[in-house]
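Given next are the chains, with one letter for each unit.
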Amino acid sequence: QKEVEQNSGPLSVPEGAIASLNCTYSDRGSQSFFWYRQYSGKSPELIMSIYSNGDKEDGRFTAQLNKASQYVSLLIRDSQPSDSATYLCAVKRGRRALTFGSGTRLQVQP
Amino acid sequence: SAVISQKPSRDICQRGTSLTIQCQVDSQVTMMFWYRQQPGQSLTLIATANQGSEATYESGFVIDKFPISRPNLTFSTLTVSNMSPEDSSIYLCSVDPLPRDRKETQYFGPGTRLLVL
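Going down the list, the sequences are from chains A and B. If you read the first sequence in my numbering, its first letter stands for residue 1, the second for the next number, and so on. If you read the second sequence in my numbering, its first letter stands for residue 1, the second for the next number, and so on.
Because the hints were derived from the structure by calculation, they are not lab data. Every residue gets a Cβ at the ideal spot worked out from N, C-alpha and C, and that includes glycine. There may be inaccurate statements among the hints.
Derived list of chain B stretches under chain A, where covered just means 3 residues or more per stretch with a C-beta under 8 Å from a C-beta of chain A [unchecked claim]:
{"#": "1", "region": "8 to 21"}
{"#": "2", "region": "26 to 33"}
From chain B, some residues computed to sit far from chain A (all C-beta separations above 12 Å) [said to hold, decoys possible]:
{"#": "3", "residue": "Gln-41"}
{"#": "4", "residue": "Ala-47"}
{"#": "5", "residue": "Phe-66"}
{"#": "6", "residue": "Pro-67"}
{"#": "7", "residue": "Phe-75"}
Under 7 Å between C-beta atoms, here's a sample of chain A residues computed to sit facing chain B [to be verified]:
{"#": "8", "residue": "Ser-32"}
{"#": "9", "residue": "Ser-40"}
{"#": "10", "residue": "Ser-43"}
{"#": "11", "residue": "Pro-44"}
{"#": "12", "residue": "Leu-98"}
{"#": "13", "residue": "Phe-100"}
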């Protein structure tokens, strides 16, 4: 079992729709959870962090965390073609390095 | 957040040679990490660069192949030694700055794109 699992996609949504990205993790000791966006040829860019159960909203992005189910999700409202990228879920335990999932490729169709 | 720069941004190298990648941060950070991202893959941790002591390597990575230096809290180097085409990857420096709100996070440099012929 991989430590962090994501559906590789591609996930295709029409412009203006809600994109829903999901991630599960195996280490129950994970304390910090992150979503990074990576455009082709670029380095990962942090877009959301979440540390406690529930929802966290930032603009068009909402991160959801359920530690009991070991599940993290990212919702992107009003999806734009510029949101087309690979979204990487990552988890962190204390000061250890991030562990990444394989990423989900999102395509927003104009 | 922290501003991270890497040199070189890209390079094309011949097999059997070595390349040293530099990572510079604009502020002192406790934790620095080196990742590799092979074409079409996600990020894999190579090692944690420890200031004043030997780096801590992940399974599958060894010091002879990927020697790391961390002379101070703002700078680190990663050397890719005796390169082969399988080393063609993006190499990323990452830092976990000491946060004011004590929340852990991690930021990435722009990466070094390496092609080995």
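Each hint, compared with the structure:
Chain A is given as covering the region 8 to 21 of chain B, and this is violated because 0 residues of the stretch bring a CB closer than 8 Å to a CB of that chain, at least three being needed. Counting residues of the region 26 to 33 of chain B whose beta-carbon sits less than 8 Å from any beta-carbon of chain A gives 3, enough to reach three: the coverage restraint holds. Not every C-beta of chain A lies more than 12 Å from that of B/Gln-41, the closest at about 7 Å, which undercuts listing it as non-interface. With a closest Cβ-Cβ approach of about 9 Å to chain A, B/Ala-47 is found to fall inside the 12 Å limit, against its non-interface label.
Residue placement check: B/Phe-66 keeps its beta carbon more than 12 Å from all beta carbons of chain A (closest about 15 Å). With 12 Å as the threshold on Cβ separation, the claim that B/Pro-67 sits away from chain A holds: the shortest Cβ distance comes to roughly 18 Å. Listed as outside the interface, B/Phe-75 is consistent with that label: its C-beta sits roughly 18 Å from the nearest C-beta of chain A, beyond the 12 Å cut-off. Because the smallest distance between the Cβ of A/Ser-32 and any Cβ of chain B comes to about 5 Å, under 7 Å, the interface hint for this residue holds.
With its C-beta approaching chain B no nearer than about 10 Å, A/Ser-40 sits outside the 7 Å limit, and its interface hint is violated. Using the Cβ-Cβ criterion of 7 Å, the hint placing A/Ser-43 at the interface with chain B is satisfied: the shortest such distance is roughly 5 Å. With 7 Å as the threshold, the beta carbon of A/Pro-44 comes within range of chain B, its nearest partner Cβ sitting at about 5 Å, so the hint holds. A hinted interface residue such as A/Leu-98 counts as satisfied when its beta carbon comes closer than 7 Å to some beta carbon of chain B; here the least separation is about 5 Å, so the hint holds.
Taking 7 Å as the C-beta contact cut-off toward chain B, the hint placing A/Phe-100 at the interface holds, the least distance being around 5 Å.
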